[in-house]
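The listed protein sequences correspond, in order, to chains A and B.
Numbering that gives the first Met the number 0 numbers the first residue of the first sequence as 0 and each following residue consecutively.
Numbering that gives the first Met the number 0 numbers the first residue of the second sequence as 0 and each following residue consecutively.
One or more of the hints may lead you astray.
DEER-style ranges, computed between Cβ atoms [said to hold, decoys possible]: (1) Arg76/B with Arg123/A: 23 to 31 Å; (2) Pro12/B with Gln98/A: 39 to 47 Å; (3) Ile158/B with His124/A: 30 to 38 Å; (4) Arg123/A with Phe106/B: 47 to 55 Å; (5) Asp21/A with Glu159/B: 24 to 32 Å; (6) Ala125/A with Thr90/B: 47 to 55 Å.
Quick caveat, the hints were computed from the structure, so don't treat them as lab data.
Where a beta carbon is used, it is the ideal one built from N, C-alpha and C, also for glycine.
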Amino acid sequence: MSEAVSGAAMSRAPRPSGGALDTHIVIERHGFRLDAALAVAPGEVVALMGPSGAGKSTLLAAIAGLVRMRSGRVRIDGSDVAGSHPVAPHRRGVVLLGQDPRLFPHLSAADNIAFGMRAHGLSRHAARAEARAWLDRVGLDGFDARRPAELSGGQQQRVALARALATAPRVLLLDEPLTALDPETAGGIRTLLAEQLRAADATALVVTHDALDAASLASRLVMLERGAVTQTGTVREVLTTPATRFAAAVAGTNRLVGVASRGRWTTGSERTPVVLPTDDGPSRRAAAHDGALLAAFVRPADVVLEPSDAPEPRETRPRETSPPRTGEWYARIVRLDHTPGGARVHTADPPVAVDVSADAVAALGLAPGMAVRLQVDAAKVRFAAV
Amino acid sequence: MTGGTLPRVLAIPAVVGLALLVLPLVALVTRVEWATLAADITSPAALTALGLSLSTALVATLVCVVLGVPFALVIARSGPRTSAALRAIVTVPLVLPPMVGGVALLFLFGRQGMLGTLLEAWWGIRIPFTTLAVVLAQVFVALPFLVLALEGTVRSRGIEFEHTAATLGAGRWRTLTQVTLPLAAPGLVAGVVLCFARAIGEFGATALFAGNAPGVTQTMPLAIYTAFNGAGVSQGPAVALSLLLLVTAVGVLLLVRGWRTDRVPTAEARR
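Assemble the whole structure, with the sequences as input and the hints as a guide.
Given below as structure tokens:
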């Protein structure tokens, strides 16, 4: 059956769409447990993000059949290839492209691309012709005879991508394909990748640590932390209402856990509460149940920072300064981080990051330990139930 | 000398080492009796010994490749403990004096030997003191060279390229012949060269296990030994034969080197 599928897949456009992936993988080794389920629809691109050591690469290797699973399933187009008689990696139609392009060093660029097609039974001549067409598609026309050692890192990754797509995989697994490249090269390949995945109508699972990759390549985003799926949704959903601290860091937003109170978010003590309002309808509904745990989301750029006239904000504020209004509170600077346009100011209680421009840092003389007044507009705040 | 950061004083032991390798050969060449060289080399006894040496060493190398390549691959892809144990076993004939190897072979294949009795009882085959014994002795001493050289290369290459080949749809045989072996080519070539060189120079095990019968088991090293011991008055033939063996060995080495350099990507070129 796989031969028939591959044979048909080898013919020129219109290319067939990728297969359906439905998987639940359980692996235990060295005290680490991976127990994650996810599904990718035919022609869909799903991004997989998670901190280092979350099990992302292991998950991909298990789908490809390169590591043994303890239990679970890897269903490709409905049939389980990882059951009691696991299907060998070379018969799964699953291609894995990693951070390292891993081009065969003894083969030319064209022969590297032809390798997979030859393995699927295409004649030498046909595979060669197809390989040349693929080189053209990835912007390397005329590079047929080049050895991998004669190609730059970006060119190698282009060849590796062509080699992977040329086999018309049922499922394409990409493990941080842009990480090893400099930003400019990565940008070019990200665009190419998005184009080619769409053109091939490929089913793909992309591991990345970059929210931009997820946004530009994938329609859905799965968060994997410590071996378990912590959030699944459209890329937009996950990035606007991240469910964990890690997801919030990826999305570049503040995720603050507090309590719902009369349609607003609150935290802090009775005497010095911090209260955030919102203009967002769904967010207000999420805060309807008083006392329920509630996450508030505010982008660092949407927080306004002003110097505080109170040297000891918490203790002296009630007497020396006006009481804070809703959406306004006093805090102390913990740390300053460099950002391309200025600095990210980290404050404590609640832990909120604020982006400020370099000239603001200079004008206000911002430094760790300094007391500041923070303020957010209700239009910029979203809530989600925890 | 090109720059680098090596302490200059290292040049002294390096030169001494080089001299230790080259000077004996120079001494050998100085003792060549050029007048009778042609006659000595083309004497029927010499040519027979050379022919026997080349053919047995070639067959032994072939046997080593047929047995040693799969063996090396199995070791390289075994678990850490198994492969360490197998490597140790393969190394034993390497550190064993060849004479001991010859005795051991005799005890296995000899008339009273474990296999020897069976072979003779069932098929009437006697191995010791035949040309087959020469080949067996050469395989025994040369196989470790091929196995260790190839195994090291295959293992250091890792399994990542093989995984890549598998996910691209290549089965086990295609992966072996198109990925694993081509990538291990430097180790294979080095192994074959060492293996052949060891086989053609083999003396100790052959002398004990195969004997010294001209035309049957008298290879070049044995012929040289005989010439040195027997001639008494003139060592001319022995020196001439030694020179012939030296030239043959260097010739084979150059042949393989020449084939090797243009085929195999170097480590630096990869990155």
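Hint-by-hint comparison with the structure:
1. Arg76/B with Arg123/A: 23 to 31 Å: holds (29 Å)
2. Pro12/B with Gln98/A: 39 to 47 Å: Holds, since proline 12/B and glutamine 98/A (Cβ atoms, about 44 Å apart) stay within the stated range.
3. Ile158/B with His124/A: 30 to 38 Å: Because 31 Å falls inside the window, the suggested range holds.
4. Arg123/A with Phe106/B: 47 to 55 Å: Hint holds: Cβ distance 53 Å, inside 47 to 55 Å.
5. Asp21/A with Glu159/B: 24 to 32 Å: holds (28 Å)
6. Ala125/A with Thr90/B: 47 to 55 Å: holds (48 Å)
Of the numbered hints listed earlier, not one is contradicted by the structure.
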